[in-house]
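Enquirer: Residue-level listing of the chains:
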Amino acid sequence: MKKLLFVLLLSLATLGMLFATGSQETVDDGSVVIRWAYWGSGERVTISQEAIDLYESRNPGVRVNPEVSGGAGDHFVKVDTQLAGGNGPDIIQMGGNIYDYADVLLPLDQYAGSAINVDVIDPSAVASGTISGQLKGVSTGVTMPSLVYNKTMIERAGAPLPPKSMTYAEFKDYLVMLKGKLPAGVFPMQDIGVMSSSSTPFGYWTRYNGTPLYDAASNSTSVTAAAAKKYLDLFMDYRESGLVPPPDIASGYAESNADTSSLIAGKVAIAYLFTNQLSGYQAATTDELDLIEFPGAAETMALWQAPSQFYTVNKDSKHPEETAKFIDFLVNDPDAALILGSNRGASASSTARAAGAASEADQLVLDYMEVAGPHSSLETDHVPNDTEFNSTLFLIYQRVAFGQIDTAAGGEQIHDLIMRMIEK
Amino acid sequence: MNKTIRENLTSYAFLAPWLIGFFALTLYPMIYSLFLSFTQYSLRQPPQWIGLRNFITMFGGNDQIRGDERFLNSVSVTFKFVFVSVPLKLVFALLVAMLMNKKLRLIPLYRALYYIPTLLGGSVAIAVLWRRIFASDGLLNLILGGVFGLTDLPAWISNPKYALGTLIVLAVWQFGSPMIIFLAGLQQIPTEYYEASSVDGAGKLRQFFVITLPGLSPIIFFNFVMQMVTAFQSFTQAFIVSGGSGGPLDSTMFYSLYLYIKGFGFSEMGYAAAMAWVLLIIIALLTAGAFKISGNLVTYGSGE
Chain A
1 MKKLLFVLLL
11 SLATLGMLFA
21 TGSQETVDDG
31 SVVIRWAYWG
41 SGERVTISQE
51 AIDLYESRNP
61 GVRVNPEVSG
71 GAGDHFVKVD
81 TQLAGGNGPD
91 IIQMGGNIYD
101 YADVLLPLDQ
111 YAGSAINVDV
121 IDPSAVASGT
131 ISGQLKGVST
141 GVTMPSLVYN
151 KTMIERAGAP
161 LPPKSMTYAE
171 FKDYLVMLKG
181 KLPAGVFPMQ
191 DIGVMSSSST
201 PFGYWTRYNG
211 TPLYDAASNS
221 TSVTAAAAKK
231 YLDLFMDYRE
241 SGLVPPPDIA
251 SGYAESNADT
261 SSLIAGKVAI
271 AYLFTNQLSG
281 YQAATTDELD
291 LIEFPGAAET
301 MALWQAPSQF
311 YTVNKDSKHP
321 EETAKFIDFL
331 VNDPDAALIL
341 GSNRGASASS
351 TARAAGAASE
361 ADQLVLDYME
371 VAGPHSSLET
381 DHVPNDTEFN
391 STLFLIYQRV
401 AFGQIDTAAG
411 GEQIHDLIMR
421 MIEK
Chain B
1001 MNKTIRENLT
1011 SYAFLAPWLI
1021 GFFALTLYPM
1031 IYSLFLSFTQ
1041 YSLRQPPQWI
1051 GLRNFITMFG
1061 GNDQIRGDER
1071 FLNSVSVTFK
1081 FVFVSVPLKL
1091 VFALLVAMLM
1101 NKKLRLIPLY
1111 RALYYIPTLL
1121 GGSVAIAVLW
1131 RRIFASDGLL
1141 NLILGGVFGL
1151 TDLPAWISNP
1161 KYALGTLIVL
1171 AVWQFGSPMI
1181 IFLAGLQQIP
1191 TEYYEASSVD
1201 GAGKLRQFFV
1211 ITLPGLSPII
1221 FFNFVMQMVT
1231 AFQSFTQAFI
1241 VSGGSGGPLD
1251 STMFYSLYLY
1261 IKGFGFSEMG
1271 YAAAMAWVLL
1281 IIIALLTAGA
1291 FKISGNLVTY
1301 GSGE
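Those protein sequences? They're chains A and B, same order as listed.
Going left to right, the first sequence walks through residues 1 to 424 as this note's numbering numbers them.
Going left to right, the second sequence walks through residues 1001 to 1304 as this note's numbering numbers them.
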């Protein structure tokens, strides 16, 4: 009987090992552990860790464990799975899809004013994280779509630098001029649609044409097949004139971050970028980068400012109070602001802004926003089912780029796609 | 407590780690995924029963005739991949195994060297390397352009005509494990057969077709089925090489990659579960078919 007991104990111990979860809420020394899930690479990982180190040195007894994914896609795959398994991280970095996650997020209103000082945060930024009257996310900062150009490359080619604001006609003339100066195999412009997340530049184009992608209130789109065709025609023209790389070269770059960027690889001179990504891209190259507007923004005010990301808290967090305090540090603390810069957007907190810009890239973003800010209007609602929308838009664009279908058929397919996403 | 029960309990206790693993980590998820395949499940809301709708969406029928184009494309891509890469890989593995079967100096070293690609092949690092080798300015084009003076070379990995081809080459390159099994099989064929046949005047080629192939047929069959099943489930290579998109133009959209994108990317877990079961049925049918055909082709030793 003793032997049997021993064996049973042994198997129980084995069982325990099998089901022991990897995430401990408190470690042996009794300190609180906050799990912080975000996506990013290179610079963002480095500076986030520096911020964590600073916070931990000021708050003994609190430990922050980052859980990093390379891209937003991987991040949400991981977070979705963890949430479904009841093992979600405390802080979840969110993007424009925060609405899809509202149900699993902790309302932060109880900490607003105590753990998190919202009074110093711009009211518009607070509003952007408020869903159905509850504060569900704290904005990491503001970002804007832009075009980034490789200043060093253009200067080396002996071409003039592009002005911040251009019309589409001026922009094309500039690309043609640039094409004549750049060495063989380097193209003036990135083929924007052959990147896997192209709904933002496409969204700009539809705003520029006065046919915005989606209106949530009426659950409808203003994009017609003819309007979508015009977008495909625009890039077809660039492609045939050699202003963007041929499709097989272009699709060799996933364009999901600096590591897979054709601009950083020195293949193109101008590419699309959100302003908050500039510091990360700049850190990945020795060439100097700078920003210009999408063409036609000055006449149409088609640009927009958007919350870059949100810090949100899992509603099942074991340490909501500690987590809220850490978020306050990330968004409001001047020292944290100097470390984090504009990597997650230009800060919406006045105490953080008072710390000033630490890097040249941050200064370039501020310069850009000075010009582009007035050329902006309110953000268009996001098309529902964002991931599927991007993935399929990308596929349709490729069909056109590789000559499988013509632009008219492509326009039809894009229109059908938007309708399907809305009805889903 | 009666003695037999106690003895049985002891054995179950010892088996417990495996049994618990099997029930909790294999059987339960499988049954649950069968349930999910009849639901719509976004991971964030509880699953909703929708009957056969996932399967109808896949293949078409009812109100919608065409089926899910991207799904059907992924089936065709996967079939092409399996039925080109597996035979090529087996031929290659057999050839190398026959070379390795010779009595040469350093042969154990060669065996180890040729096995290395298999150890590395499924890894992310090799897929990343592959991406670079076959890029427009990659190693392959440098060699083709620099040594052979060819111009106007395609970007192999990002051209829909060639992308799948590069993945097939990658799969064939990992010929190590069938090679080792072939080698073991070759060493099982009694050398007397070869000696006797050469006395009778049989040449090398004839020996290969009359002795080696029939002698190896059970091994060939085993390797074929194993490699086929693995090839149907290929994921890593396509995921890394295409940057997770299955592109260009869905030309590397393997079945399991589309399953992953549907489930985790588009949050359609029910549909993904349904796809997993369809794949299981496809593989089961093909394996059963292979067994049926093999009856006439595979000869087993009489057994002494």
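Calculated from the structure, these hints are not laboratory results.
A quick note: this is a predicted structure, and the numbers were derived from the prediction, not measured.
Note that the Cβ used here is the ideal one computed from N, Cα and C, for glycine as well.
Keep in mind that a hint or two might mislead.
Unchecked claim - Quick look at which bits of chain B chain A covers, simulated, 3 or more residues with Cβ under 8 Å:
1) 1157-1165
2) 1245-1252
3) 1262-1269
Enquirer: Take the hints in turn and mark each one as holding or not.
Expert: Hints, one by one, checked against the model:
1. Check on the segment 1157-1165 of chain B: 4 of its residues sit with their Cβ under 8 Å from a Cβ of chain A, so the three-residue criterion for coverage holds.
2. Closer than 8 Å: that is the beta-carbon criterion, and the segment 1245-1252 of chain B has 5 residues meeting it against chain A, so the requirement of 3 holds.
3. Coverage of the segment 1262-1269 of chain B by chain A holds in this model, with 4 residues showing a Cβ closer than 8 Å to a Cβ of that chain against a need of three.
Taken one by one, the earlier hints all hold for this structure without exception.
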